[in-house]
Amino acid sequence: MKKILIIALFGLFSSTMFAQDESMWSLTYNMSFPMGTTKDYISKASFRGIALDGRWFVDNNVTVGGSLGWNVFYEKADKATITRENLTLNGTQWKYINAVPMYFNAAYYLNEGSYVRPYFAANVGTIFTARRTEMGMYALVDKEWKFAFAPEIGVTIQTYESINVMFNVRYNYGLETEYISPLSYLGVNVGILWTY
Amino acid sequence: MEKKIQLTVVLVFMAFTGMFLASCYPTDDVNYSDLDVVATIYDKDKNFQEFKTYLVPDTIIHIIDTLDDNNVDITRKFDQQILNLVNQNMVNYGYTKELEPQTTLPDVVVTVSITATENTQVWSWYPYYWGWWPYYKSTNYWWGYYPPYWGGGTQVTTYTTGTVIMNMMDFAEHGNILPENDSINSVWVGAINGLAGASTSNTTSRIDYTINQAFEQSPYLDIK
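Read top to bottom, the protein sequences are chains A and B.
For the first sequence, counting from 1, position 97 maps to 224 in my numbering; every step adds exactly one.
For the second sequence, counting from 1, position 52 maps to 39 in my numbering; every step adds exactly one.
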């Protein structure tokens, strides 16, 4: 216990990380939990997700950058019934959302000079959203670009040499478009981080 | 050190990419019944309470395109089962079967027809694997590039889809006019579309479910 505490303190107050680095790249595995109207369509959490993120330091605590991600949501609904006006359809549905968020971001990092740096960030950009509902031998497909934003909190941890890990939680929100209701999901992301 | 990190990144990236190539549209096992669709549509301005008697003609119309070489022969094996189900559902909703249709026209006539189509689909796929850079730890050496495995291909499959159409026509309004001089309105249509070719027992249970479902999802037909 004492050892862990010492390591933790060492981690918090030692000073190597980011001091001399100019940019920071991360590749994360994403788990996504649908919320709001997205949850009404697909309630199952997504465990297929990936994101690449690049950030440049403008001073020791602030970065600006961008990211590209991909999240796949899927759910099968057995013998579901949908009604539109005087038309009713019944059948097994396969429902998919392929979401590709592309963001510009800005982040502020705490604990300057420490191995462990919590941060908060704001993401603004677009989510390319492809929604596909298959029923019987037919499919209904909508593809739209949604204006999107995503607040984010996270932490970067330096482990050894220059291999680092990062963990963050990001709430993604894509505004309503003509055919697809607002896209809303909580991303829990974990990955590796490297600096140059 | 730098190379090691790059390797990690490349490996992780390849693992992720491989995972995604196979999972853009993931799916589970699909049964014949999973592909059945029941569609119903009705005349919203019609008050079905006006109807009392019905008739289901005792023959199912098989709609066949005689000009098409790819004609699909439709079996009559399931005709009686379908007719029985339609009759049963009409009675359950409170309609009375018209026993003397020659002298007294029923309020509604429900015709049943079947059509089938053979479809051809061409599948093409791209190679999954596009090269590999093996890494030897002992010598810290990147071995030569292995060329991609060219595994793409094309496959052609055919499948037959069948559609059962139940058409409820309003004879109460048009009963006194000769049908050949006037159009008769459909007030309700139920269509069942699915894949043909399942076993007899499987097809029997799919027909049971889908015909009953067509009526179940149309509660406005209930005149009890």
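A few of these clues could be false.
The following label-pair restraints were derived from C-beta to C-beta distances [said to hold, decoys possible]:
no., chain 1, residue 1, chain 2, residue 2, range
1, A, 174, B, 206, 22 to 28 Å
2, B, 12, A, 308, 19 to 25 Å
3, A, 280, B, 31, 49 to 55 Å
4, B, 160, A, 164, 55 to 61 Å
5, A, 313, B, 49, 49 to 55 Å
6, B, 105, A, 280, 45 to 51 Å
7, A, 227, B, 50, 30 to 36 Å
8, A, 264, B, 55, 52 to 58 Å
9, A, 170, B, 160, 29 to 35 Å
10, B, 12, A, 214, 36 to 42 Å
11, B, 79, A, 162, 58 to 64 Å
12, A, 191, B, 19, 50 to 56 Å
13, A, 309, B, 105, 39 to 45 Å
14, B, 100, A, 313, 33 to 39 Å
In short, the hints are calculated from the structure, not lab data.
Ideal Cβ placement from N, Cα and C applies to all residues, glycine included.
Quick rundown of the hints versus the structure:
1. 174(A) - 206(B): 22 to 28 Å: Taking Cβ atoms as reference, residue 174(A) and residue 206(B) lie about 39 Å apart, which means the hint is violated.
2. 12(B) - 308(A): 19 to 25 Å: Given about 21 Å between the Cβ atoms, the range holds.
3. 280(A) - 31(B): 49 to 55 Å: 51 Å, holds
4. 160(B) - 164(A): 55 to 61 Å: 43 Å, violated
5. 313(A) - 49(B): 49 to 55 Å: The hinted range 49 to 55 Å holds for residue 313(A) and residue 49(B), with Cβ atoms some 54 Å apart.
6. 105(B) - 280(A): 45 to 51 Å: 57 Å, violated
7. 227(A) - 50(B): 30 to 36 Å: 44 Å, violated
8. 264(A) - 55(B): 52 to 58 Å: 19 Å, violated
9. 170(A) - 160(B): 29 to 35 Å: The hinted range 29 to 35 Å is violated for residue 170(A) and residue 160(B), with Cβ atoms some 46 Å apart.
10. 12(B) - 214(A): 36 to 42 Å: This hint is violated: roughly 26 Å between Cβ atoms.
11. 79(B) - 162(A): 58 to 64 Å: For residue 79(B) and residue 162(A) the Cβ distance comes to about 42 Å; the hint is violated.
12. 191(A) - 19(B): 50 to 56 Å: 55 Å, holds
13. 309(A) - 105(B): 39 to 45 Å: 42 Å, holds
14. 100(B) - 313(A): 33 to 39 Å: 50 Å Cβ-Cβ, so the 33 to 39 Å window is violated.
Checked against the numbered hints above, the structure violates hints 1, 4, 6, 7, 8, 9, 10, 11, 14; every other hint is satisfied.
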